[in-house]
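Please work from the sequences and hints to get the whole structure.
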Amino acid sequence: MMKKERHVLSITVENYSGTLSKVAGLFTRRGYNIDTLNVAETMDPGISRITVTVTGDEEVLEQITKQLNKLINVIKIIDLTAKQSILREFMFLKINCNKENRSEIIQLATVFKGKTVDVAAKSITIEVTGDEEKNNAFIELMRPYGIIEIVRTGLTAIERG
Amino acid sequence: MKLKVSEAVIACLELEGVDTVFGHPGGAVLPIYEALRTSNIQHVLVKNEQSSAHMANGYGRAKDSVGVCLATSGPGATNLITGIATAYMDSIPLIAITGQVNSKKIGTDLFQEADVIGSTEPFTKNNYLIKNKNDIPRVFKEAFHIANTGRKGPVLIDIPRDIQDEIIDFEYPETVEIRGYKPTLSGHSRQIAKAVKKINEATQPIICVGGGIGSANCREELYDFVMKTKIPVVCTLMGVDSFPNDSEYFAGLLGSHGYPFVNDAMNKADLIIVIGARFTDRSTAVISGKNTHQHIVHIDIDPAEIGKNIKTQTPIVGDARLILEELSQNDYSLDIKKWTDNIKYSRKTYMEETLSKVWPLEGTNPFRLIKAVSDYSTGKSLLTSDVGQNQIWASHYYIANQERRYLTSGGLAPMGYSLPAAIGARFALRDDTKVTSVMGEGGFQMLMGELALVKEYNLDIKVIILNNNRLGMVRELQLHAYNKNSFHGVDIAFNPDFMKLAEAYGIKGYQIRNDDDISDVLSQAYASDEPCFIECIVHPDFPTMPNGRWE
Numbered sequence: 259m260m261k262k263e264r265h266v267l268s269i270t271v272e273n274y275s276g277t278l279s280k281v282a283g284l285f286t287r288r289g290y291n292i293d294t295l296n297v298a299e300t301m302d303p304g305i306s307r308i309t310v311t312v313t314g315d316e317e318v319l320e321q322i323t324k325q326l327n328k329l330i331n332v333i334k335i336i337d338l339t340a341k342q343s344i345l346r347e348f349m350f351l352k353i354n355c356n357k358e359n360r361s362e363i364i365q366l367a368t369v370f371k372g373k374t375v376d377v378a379a380k381s382i383t384i385e386v387t388g389d390e391e392k393n394n395a396f397i398e399l400m401r402p403y404g405i406i407e408i409v410r411t412g413l414t415a416i417e418r419g
Numbered sequence: 003m004k005l006k007v008s009e010a011v012i013a014c015l016e017l018e019g020v021d022t023v024f025g026h027p028g029g030a031v032l033p034i035y036e037a038l039r040t041s042n043i044q045h046v047l048v049k050n051e052q053s054s055a056h057m058a059n060g061y062g063r064a065k066d067s068v069g070v071c072l073a074t075s076g077p078g079a080t081n082l083i084t085g086i087a088t089a090y091m092d093s094i095p096l097i098a099i100t101g102q103v104n105s106k107k108i109g110t111d112l113f114q115e116a117d118v119i120g121s122t123e124p125f126t127k128n129n130y131l132i133k134n135k136n137d138i139p140r141v142f143k144e145a146f147h148i149a150n151t152g153r154k155g156p157v158l159i160d161i162p163r164d165i166q167d168e169i170i171d172f173e174y175p176e177t178v179e180i181r182g183y184k185p186t187l188s189g190h191s192r193q194i195a196k197a198v199k200k201i202n203e204a205t206q207p208i209i210c211v212g213g214g215i216g217s218a219n220c221r222e223e224l225y226d227f228v229m230k231t232k233i234p235v236v237c238t239l240m241g242v243d244s245f246p247n248d249s250e251y252f253a254g255l256l257g258s259h260g261y262p263f264v265n266d267a268m269n270k271a272d273l274i275i276v277i278g279a280r281f282t283d284r285s286t287a288v289i290s291g292k293n294t295h296q297h298i299v300h301i302d303i304d305p306a307e308i309g310k311n312i313k314t315q316t317p318i319v320g321d322a323r324l325i326l327e328e329l330s331q332n333d334y335s336l337d338i339k340k341w342t343d344n345i346k347y348s349r350k351t352y353m354e355e356t357l358s359k360v361w362p363l364e365g366t367n368p369f370r371l372i373k374a375v376s377d378y379s380t381g382k383s384l385l386t387s388d389v390g391q392n393q394i395w396a397s398h399y400y401i402a403n404q405e406r407r408y409l410t411s412g413g414l415a416p417m418g419y420s421l422p423a424a425i426g427a428r429f430a431l432r433d434d435t436k437v438t439s440v441m442g443e444g445g446f447q448m449l450m451g452e453l454a455l456v457k458e459y460n461l462d463i464k465v466i467i468l469n470n471n472r473l474g475m476v477r478e479l480q481l482h483a484y485n486k487n488s489f490h491g492v493d494i495a496f497n498p499d500f501m502k503l504a505e506a507y508g509i510k511g512y513q514i515r516n517d518d519d520i521s522d523v524l525s526q527a528y529a530s531d532e533p534c535f536i537e538c539i540v541h542p543d544f545p546t547m548p549n550g551r552w553e
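Read top to bottom, the protein sequences are chains A and B. So the first sequence is numbered by the numbering used here: it starts at 259 and just counts up by one. So the second sequence is numbered by the numbering used here: it starts at 3 and just counts up by one.
One thing to keep in mind: the hints can contain errors.
Unchecked claim - PhoX-like mimics (lysine-lysine), calculated; alpha carbons at most 20 Å apart, straight line:
id : chain 1 : residue 1 : chain 2 : residue 2
1  : B       : LYS6      : B       : LYS143
2  : B       : LYS184    : A       : LYS334
3  : A       : LYS262    : B       : LYS310
4  : B       : LYS230    : B       : LYS346
5  : B       : LYS184    : A       : LYS328
6  : B       : LYS310    : A       : LYS324
7  : B       : LYS313    : B       : LYS270
Unchecked claim - Distance windows between CB atoms, simulated:
id : chain 1 : residue 1 : chain 2 : residue 2 : range
8  : A       : ILE416    : B       : LYS107    : 37 to 43 Å
9  : A       : ASP315    : B       : THR380    : 36 to 42 Å
10 : A       : LEU366    : B       : SER121    : 49 to 55 Å
Note that these hints are calculated values from the structure, not bench results. Ideal Cβ placement from N, Cα and C applies to all residues, glycine included.
Pasting the structure below:
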């Protein structure tokens, strides 16, 4: 058995309609689950970057990468699992709160470099940016207060240097 | 030059050298048909859109070029899908043009609307929905380039009805620039050197070829390489006509329905050079990959095929022709005569034994029939087969070579492929090539409406159906999976009178009831340059493989 590992694929594609569907469809059709996915333009408006995180063994990942490379609109694929890259995810957390514990929550958020973006009578919304581990830790920390909603973007990544 | 988009479409086809389009009209392609009417391109009206893709497939394969099919939106396009998927699995270049509903109304479920782009995504090499009228020349230039380079395949262009009427400044681009599409052509020199070394070290080498030899158009380069190394050649269904079947170095078909001695040789080989073959389950059913003594060199234009199904020690990505040329430039000193002679002897014995074996079954012996078809279609010839028992019989006993092509679908393998593929091939080969289409009566009836085209254009095709009133191969699968009491859904309880059917289509019909009729019928059929329809009666218990089993 091959070891299942988390991979972050940074895929640059030509910005034509239908490209995202072709890329995403390929994962589904080959029986591969996408954990997270995000897409945006690069500095060249004709080119977009799709960042996908997937879990699987090397052999399947190699096949997926080769199949992705065959898509005409895919320009380049980089596997960013290596240590030489910076991974970040942005998330919103809406948490139950009241007058008594509001400042406590804000304080904890500050430790995670979180920002309070909305306060209501019975809830508070905080934004946090970080790698998945940090974000997961913050979620666990907030769980006892009662999380109303989590909105995560999924990872995006860049190579160092 | 100002042109309507519909006229621009036809102009693009003309500039790409297209002379025949297989299609079926409909509301969403009216402007294209109007432009087609006044062009020099011949339009062949099919009875079912699926056939138009198979015809374009056969046309492209016979001519080593790109076939074009044309259909309307919705049902026209969905009918094409089987044909497109066939071309995709077999890596056959094809351009499919479909009409689409009004661009401003796409997605509102109009009459005859279907998401063709979405539904053909998994089996087109690329597809385009035209949203901007000015994209037409670029898209067509790209489509032909993509379809016919690298690992070849079908490309679909979906054009909304309203855009077809718009006016553009037409200028056809001379070059193509696609950032994400640059197939590797020349093989890695270090890997080639490694392959040469392995070849020289081998004691029991074998070459396994697939459809890639035909698509890279390198039958001669393969021949030169084999003549230099004297390594025996085995093939997949798609590779049958890659190498002269009458050469002493040709072993034959491998895989689940391959020759037993070929599979045996594959297992014993210490070096397997795979060229342009996918090495799919059907071919590798016999080689488990447990043979650790084997060294595998895999040459393919598609890096995704290498290492996909079988572990490869020496991968060489690139164009088979260039790589074979480079391989042939090296010196070889193999000492494999015993190995080669053994395979040669096995083939000779096998062919003699299976052809002379007497069966206690009434009707025609299909092995002998195909052998006779091969013998009577002398000279330049092209044979298409369907899927099922007929496909295996044809690929075993038809003698193919550079001038005698064998067209079948080894990948998707749809029933009904044979007749339209032969029609397409006949349109491509307007010379004295003898074109024969072999199929079962089940496959024939899937797309038999196309028989009308044979008459309409007086196409010299010998249409041969092997009639056992059964879906023979499925029946045999049931027999082996369960037992002889488990046949279900495989008896064709009613078949038309095929001789009357041929007569109804105005085509001369012959019946071969048993082996005694073979030479009479075939000599008459091939002496004439008229189409004919030949029904061969085959006993339902006639097995696919002469030994009644497969691996």
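Okay, the hints, checked on the actual structure:
1. Our distance criterion of 20 Å between C-alpha atoms is met by B/LYS6 and B/LYS143, whose separation comes to about 17 Å.
2. With a CA separation close to 12 Å, the supplied pair B/LYS184 and A/LYS334 stays within the 20 Å bound.
3. Between A/LYS262 and B/LYS310 the CA atoms are separated by roughly 18 Å; this keeps the pair inside 20 Å, and the hint holds.
4. Between B/LYS230 and B/LYS346 the alpha-carbon distance is near 17 Å, which keeps this suggested pair within the 20 Å criterion.
5. Our distance criterion of 20 Å between C-alpha atoms is met by B/LYS184 and A/LYS328, whose separation comes to about 10 Å.
6. A C-alpha spacing of about 10 Å is found between B/LYS310 and A/LYS324, which places the hinted pair at or below 20 Å, so the restraint holds.
7. A distance of roughly 17 Å separates the Cα atoms of B/LYS313 and B/LYS270; the hinted pair therefore holds under the 20 Å criterion.
8. Between A/ILE416 and B/LYS107 the CB atoms are about 42 Å apart, so this pair conforms to the stated range of 37 to 43 Å.
9. Taking the beta carbon of each, A/ASP315 and B/THR380 are about 54 Å apart, not inside 36 to 42 Å as hinted.
10. About 50 Å separates the C-beta atoms of A/LEU366 and B/SER121, a value consistent with the hinted range of 49 to 55 Å.
Comparing the model with each numbered hint stated earlier shows that hint 9 is the single one that does not hold.
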